[in-house]
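My request is simple: use the sequences and hints to build the entire structure.
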Amino acid sequence: MKQFAILTKKETLQFIRELKIVWLPLAFIFLGITQPVVTYYLPYILEAFGGGQGIIIDSSMKDIAGNEILASTLESQFDQLGVIIIVISMMGVVQSDKANGMLGFILTRPVKVESYISSKIFSNYMFVAGSVALGYVVSYIYTNFLFTSIPFTSLIVALLFYLLWVLFVVSFTTMVSTFFNSQGVIALISIAVLLGIRMIVGLNPLLDRLNPASMSEYAKEALVFADIDMSVVWSVLITLLLSAIVMNFAKMWIANKKYNID
Amino acid sequence: MKLEVKNVTKKFNEKIAVNDFSIAINSGECVGLIGPNGAGKTTLIKIISDIMNPTSGEVLLDGKKISDMKKQIGYLPQYPNFFQWMTATETLFFMGQLSGLDKKELKTSIPKILSKVGLSGEENSRVSTFSGGMKQRLGIAQALLHKPSLILMDEPVSALDPIGRREVLNIIDEIKKDTTILLSSHILGDVEEICERLVIVKNGKKIEDTTMIGLLNRNSQNKIRIELSNDREDWIEHIKNLDYVKDVELTGNKLKVEVENIKVNKRMLLENALKHHVDIVKFEIANDTLEEIFLKMVVEK
Numbered sequence: 001m002k003q004f005a006i007l008t009k010k011e012t013l014q015f016i017r018e019l020k021i022v023w024l025p026l027a028f029i030f031l032g033i034t035q036p037v038v039t040y041y042l043p044y045i046l047e048a049f050g051g052g053q054g055i056i057i058d059s060s061m062k063d064i065a066g067n068e069i070l071a072s073t074l075e076s077q078f079d080q081l082g083v084i085i086i087v088i089s090m091m092g093v094v095q096s097d098k099a100n101g102m103l104g105f106i107l108t109r110p111v112k113v114e115s116y117i118s119s120k121i122f123s124n125y126m127f128v129a130g131s132v133a134l135g136y137v138v139s140y141i142y143t144n145f146l147f148t149s150i151p152f153t154s155l156i157v158a159l160l161f162y163l164l165w166v167l168f169v170v171s172f173t174t175m176v177s178t179f180f181n182s183q184g185v186i187a188l189i190s191i192a193v194l195l196g197i198r199m200i201v202g203l204n205p206l207l208d209r210l211n212p213a214s215m216s217e218y219a220k221e222a223l224v225f226a227d228i229d230m231s232v233v234w235s236v237l238i239t240l241l242l243s244a245i246v247m248n249f250a251k252m253w254i255a256n257k258k259y260n261i262d
Numbered sequence: 001m002k003l004e005v006k007n008v009t010k011k012f013n014e015k016i017a018v019n020d021f022s023i024a025i026n027s028g029e030c031v032g033l034i035g036p037n038g039a040g041k042t043t044l045i046k047i048i049s050d051i052m053n054p055t056s057g058e059v060l061l062d063g064k065k066i067s068d069m070k071k072q073i074g075y076l077p078q079y080p081n082f083f084q085w086m087t088a089t090e091t092l093f094f095m096g097q098l099s100g101l102d103k104k105e106l107k108t109s110i111p112k113i114l115s116k117v118g119l120s121g122e123e124n125s126r127v128s129t130f131s132g133g134m135k136q137r138l139g140i141a142q143a144l145l146h147k148p149s150l151i152l153m154d155e156p157v158s159a160l161d162p163i164g165r166r167e168v169l170n171i172i173d174e175i176k177k178d179t180t181i182l183l184s185s186h187i188l189g190d191v192e193e194i195c196e197r198l199v200i201v202k203n204g205k206k207i208e209d210t211t212m213i214g215l216l217n218r219n220s221q222n223k224i225r226i227e228l229s230n231d232r233e234d235w236i237e238h239i240k241n242l243d244y245v246k247d248v249e250l251t252g253n254k255l256k257v258e259v260e261n262i263k264v265n266k267r268m269l270l271e272n273a274l275k276h277h278v279d280i281v282k283f284e285i286a287n288d289t290l291e292e293i294f295l296k297m298v299v300e301k
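So the protein lines, in turn, are chains Z and S. Counting along the first sequence from 1, when you hit position 6 you're at 6 in our numbering, and nothing is skipped either side. Counting along the second sequence from 1, when you hit position 100 you're at 100 in our numbering, and nothing is skipped either side.
Hints in this document: simulated from the structure, not taken from any laboratory. Since this is a predicted model, take the numbers as computed values, not measurements. Nothing false has been slipped in among the hints.
The calculated lysine-lysine pairs, modelled on PhoX-like cross-linking and capped at a C-alpha distance of 25 Å, are: (1) Z/2 - S/65; (2) Z/112 - S/103; (3) S/71 - S/147; (4) S/2 - S/176; (5) S/104 - Z/10; (6) Z/258 - S/6; (7) S/64 - Z/112; (8) S/206 - S/296; (9) S/11 - Z/258; (10) S/104 - Z/9; (11) S/104 - Z/2; (12) Z/257 - S/64; (13) Z/112 - Z/257; (14) S/275 - S/240; (15) Z/10 - S/147; (16) Z/251 - S/11; (17) Z/2 - S/71; (18) Z/98 - S/71; (19) Z/9 - S/107; (20) S/11 - Z/98; (21) S/64 - Z/258.
Below is the structure:
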């Protein structure tokens, strides 16, 4: 437990020193603003550039409900660029420790591999989840201002579902970062798999139940329909279980000393 | 602390890096692991420090598995590479806390250890601004911080300039008094200064385990090297016929004379030379230098 605290503190210090604490929240705030602002101003922008000829500007565009805007912030911004940003910011999470020998070095000390991996996932998850939540709240503020307000409960429920999906994204990227030694390969595999499983949501109900990406879909539904089937409990449990399995793979990989590069 | 390495073998795919290596090191000993590049020294040290698992064999410290005895080990990698964004003090705090030392203890011991390795004044500089030698010293500091009873050092001086080398050797010489040390090097001269016991490794195998003096004695020959100022063929012909002279090699004005018993015969030969009015420039026992012995052992099959 003590080692976990020391390693977590070190990760936090690293976020500050490497200025990640500034740019990651900013990136998500930017993504959060984009959807409501662009949707709101698009008709004006088109008009101003004189592209209006031949295009019918639907004045009902401005009547879109706030909850739909926030749902598309999650779907079109966070689930695409957002996931890519998370992966890019985390691709070196274990890989850089392997590359400069710090991982082996740390493990010559009486440190459990569990403490190492859990401190990595805990600190990164807290930080990424915080950034995502911040971007979400900013998106909500703009949506509220430019469109309609959203019930508080569906706002929170949707965020909680979405953060479960983020947990899987963080755990999965950490595992891939443990397995591979090149940042490019790590980024490519993580992005391809995560965007891939996000895309197949909705194809097959059974598959959805096993797919952690369906958490993102539930978040959307929580916003749009404000009520969710109770069977979601199973999906939540499966997502938690899959995250735990993925973390365990990373742990085993290191415990079996497969991380040595030379 | 007694370190036992038992029949350790390490294979990388089909390449054997360490081949059935065994060694026992007693408490307080200083052992130098010597071998050319690629002999398997680093792999061996990584196995002993539990960074790598051996393919077969085991490493015991005081009869217990090394993975349970990590508090007792101080490890210095070949190229210590700390977190670039940390300062020297932060690095030592981090490594020290991981070894189970508490903050209070560290607050007093870190400045002490930094001055011991010659880094006082750099406490709050980032590691990214450090030179190779400074990183090496910080590496030594972190290896000593938790007062381990066994210190493993992988090429501690190979990458340093002569001044840094000298300083690091002095530090090691000082800590040698109260710790068991195993260090590796491809330079015999460095090890010769600090370690009594030498283990020579080649192709992952231990080919020699001896002391410095043992190594010199074993390789001493009954040969005398004489350098003359002018050509004295008559005298050379004369000594060839002496009964205690077994062989004479002549190159220019230098000759190498092999005798039966160096202790007795060197005096007789010198007296003989003086009697014949030979003008001697040099008269010495032809010992191989350590470097020559090392080369011979490592290069020859």
